[in-house]
Amino acid sequence: MSTLSRVADSLYWMSRYLERAEHIARLVDVNLHGMIDQHQVDSEERLNYLLGTIEATIEIDSEASSLEYEIMRISTFDRANLNSIYSCIAAARENARHVREQISTEMWMQINRLYLFMKNVNLDKLWKQQPHEFYVQIKEGIMLFQGITDSTMSHSEGWHFIYVGRFMERTYAISRLVDRHLSRFTNWKVNPQREVEMTEYMDWATLLKSCTAFEAYCRTFEVKLTPQQIVGYLLLDGEFPHSIRFSLETMKKALNVISELTETKKFGYINRLVGKAVAQLDYSTEEEIIENPQNVIELIRAQCESIHDAVYTTFISYPIESVD
Amino acid sequence: MPILELQQSSPLFSNYALDQAFDEMFTSNGIPREHYEILYKRLLELPADELQKRQFDADATFMNQGITFTVYHDSASTERIFPYDLLPRIIQAKEWECIEVGLKQRVTALNLFLKDIYHEGRVFKDNIIPRELVYSCKAYRREMRGISIPRDCYIPIVGTDLIRDGDGEYRVLEDNLRVPSGVSYMLSNRQVIKRVFPRIFQNYNIRPIDQYGQALHATLHSLAPKGVDNPTIVLLTPGVYNSAYFEHTFLARQMGIELVESRDLLVHNNVVYMRTTSGLKRVHVIYRRVDDDFIDPLVFRPDSMLGVPGIFNSYRAGNVTLANALGTGVADDKAVYAYVPKLIKYFLDEEPIIPNVETFLCENKKEQKYVLENIKDLVVKAVGEAGGYGMLIGPHSTKEEQEKFKELIKSNPRNYIAQPTLQLSKAPCFINGEVDSRHIDLRPYILFGEKITIMPGGLTRVALKKGSLVVNSSQGGGSKDTWVLDK
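One line per chain: the protein sequences are A and B, in this order. Numbers 1 to 324, taken from our numbering, label the letters of the first sequence in order. Numbers 1 to 487, taken from our numbering, label the letters of the second sequence in order.
Treat the hints with care, as some may be off.
No farther apart than 27 Å at their CA atoms in a straight line, the calculated lysine-lysine pairs in the BS3-like style are these [what the hints assert, rightly or not]:
no.	chain 1	residue 1	chain 2	residue 2
1	A	LYS209	A	LYS265
2	B	LYS365	B	LYS138
3	A	LYS265	B	LYS281
4	B	LYS194	B	LYS465
5	B	LYS138	B	LYS125
6	B	LYS138	B	LYS115
7	A	LYS266	B	LYS369
8	A	LYS119	B	LYS53
9	B	LYS369	B	LYS406
10	B	LYS194	A	LYS253
11	A	LYS209	A	LYS224
12	A	LYS125	A	LYS139
Some chain B residues flagged as far from chain A (calculated, every beta-carbon gap over 10 Å) [what the hints assert, rightly or not]:
no.	residue
13	LEU39
14	TYR40
15	PRO47
16	GLN55
17	ARG141
18	GLU143
19	SER148
20	GLY168
21	GLU169
22	TYR245
23	LEU259
24	VAL260
25	SER278
26	GLY279
27	ASP291
28	PRO309
In short, the hints are calculated from the structure, not lab data. C-beta: ideal position from N, C-alpha, C; glycine also.
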């Protein structure tokens with residue numbers, strides 16, 4: 001059975017918003033934790049960095065009593081911030097509601113439960129207790145949803161659109177994170193192959209942890225943090241699910257299946273776009289990347305935008321003339 | 001008012017009172033009726049807090065599943081659960097048999113009536129019903145004149161509201177022939193109660209209703225345009241902001257058909273298509289949950305965003321089936337209602353099996369006079385309204401309200417009817433930690449395609465406010481599961 005264009009659209013965005021919420025939850029959790037070890041001086045900068053990374057659409061309140069509190073308020077609860085965890089989960093749930101009959105009851109119940117949980121949490125109370133537990137619950141709630149999706153929804157077209165959405169968002173999130181990090185800590189340019197100093201260690205470890213990559217990285221390279229290896233790992237690793245190459249590869253596979261299922265003739269175009277993006281990373285080395293990593297990232301982001309547009313004109317908002 | 005005599009056995013029933021309304025559970029002597037005995041005994045065994053716990057469980061289930069409806073004029077909270085009462089309403093087999101035959105008779109006659117007024121108009125020539133009365137209905141669709149539709153079936157999906165008067169006799173209060181809703185609550189209620197009261201459920205021999213989705217699908221399938229053996233069926237919803245959106249998604253999933261919004265559909269060369277990721281796909285049967293007025297902006301309301309431009313022409317050409325047909329609301333108009341017994345006699349040559357509620361047409365001078373003089377004892381209803389809006393319940397109203405309605409009636413008599421204030425039967429409900437009785441009605445669901453299928457059960461709606469007679473969900477009504485016993 002073919003999928004309604006509107007349904008594909010909603011599944012895609014439901015998935016993107018959830019991925020975004022998970023990313024923000026991890027980022028905030030890791031950074032709040034990092035702040036415990038650091039001086040207040042750093043904190044304000046960190047706050048700005050953090051809000052910039054999630055593209056928060058709201059300003060900080062300079063009178064706020066605590067920066068950590070402000071981070072939580074804006075990144076997590078502020079409904080006016082379209083990229084807060086609350087807003088993302090609400091948007092994901094709204095998209096799910098639009099396709100209520102397409103997803104399984106189990107999926108719907110989980111996303112609804114997550115939304116109700118989020119809605120009922122009180123920031124002030126949470127502030128006094130254990131924010132970490134809360135962010136873990138959010139992350140797990142989203143992962144549970146993904147698990148439920150994989151085991152209760154038929155792995156047909158709609159499911160593949162969910163994957164395209166998730167990995168599209170992940171590619172954006174990682175690329176933005178790495179980009180901001182490289183702009184913030186410019187020391188790496190001096191000698192990217194060196195092991196980072198003790199004073200820098202926390203920052204680079206935080207970058208890896210923000211992508212759940214710290215342990216996986218250490219297993220590959222042992223605890224030798226070098227900027228080149230870290231950037232190379234996050235961009236080029238073929239097996240780690242929070243690397244850009246892995247994300248693009250997964251997206252490519254999902255789009256391939258969608259094109260087979262829909263038998264669209266225009267797929268050649270999307271195939272070329274996504275294939276090119278993957279191939280570029282497939283055949284690059286760490287050394288090449290580190291020469292100008294931010295250019296590479298910019299290119300990847302531009303390619304993602306083209307793929308997104310191509311998905312829309314091929315499957316979702318095509319003109320009637322283009323149908324035979 | 002006699003308080004129950006058996007109360008000593010449980011504090012649950014300590015405030016349960018009997019009055020002139022027919023009580024579903026107890027005879028007028030306060031003895032449980034035979035078919036309620038098992039439930040009654042079990043309730044006496046259960047501690048009150050156990051019931052409370054089960055009520056919480058049931059509410060949580062509804063909330064988590066998002067089984068909610070939306071209230072439009074309430075800015076505070078737009079999504080609510082439909083209040084659910086734990087205690088089932090039980091109907092005996094032989095009672096149900098009679099309801100079933102009566103409903104079949106009624107929908108058959110109403111369908112013949114619709115076919116007749118949009119074709120030959122014999123009812124007018126034979127003076128069964130005044131032509132002006134039918135033509136002046138807001139729901140009458142001149143555009144439907146002379147159009148033939150598959151199987152001549154105008155009303156494949158019907159929900160008829162029944163009540164029981166003081167003697168316990170069932171009467172038809174209203175026919176819903178446009179887009180009756182609530183069937184998803186009937187099905188969800190059943191799912192929940194099986195979890196909440198598994199043992200009681202097992203002890204009764206209850207007829208299942210789970211087959212509704214399949215029966216509805218078969219009905220729609222049987223109405224495919226001529227020559228189409230394997231039709232594509234879809235459900236057209238006004239969208240996520242419609243109060244019954246949950247139900248639309250629920251039914252689409254039960255039937256395994258696509259749920260579409262108007263922006264998913266388009267008409268090209270008089271054929272309806274839906275927009276899919278693999279291109280346009282033809283649609284043959286549409287179970288539409290969009291009102292007549294909004295279905296096609298080219299023919300009806302031009303400002304409608306919910307409809308599909310050109311769909312009416314496709315319908316007229318026989319390329320697509322709409323269920324229900326357009327213009328069916330004329331047969332559930334509250335003034336036409338008064339003529340239904342006559343219509344049954346005329347079309348079927350039978351006496352009505354389920355009687356109407358006595359109805360006064362304000363358009364009729366003599367009846368209007370009676371209504372104006374006795375307004376404090378009557379229920380006055382605007383004919384075109386639904387959902388419990390635009391009505392006056394005489395005994396529960398103030399003098400000013402009565403005067404206001406008198407003026408309304410005089411200025412537009414065609415728009416009003418009046419009925420005696422009926423008590424509606426009462427059933428036990430679990431409210432605030434104890435069992436108390438509330439007024440209820442019953443909406444059975446009827447499917448009419450190749451044959452007529454009636455789900456054994458229906459939606460029992462409850463007026464949760466003490467003493468209230470309004471069961472509509474938009475006005476503080478709730479629902480409970482309805483058990484029809486097998487022989």
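Item to complete: Just pull the numbers of the violated hints for me, sorted ascending.
Response: 1, 7, 10, 22, 23, 24, 25, 26
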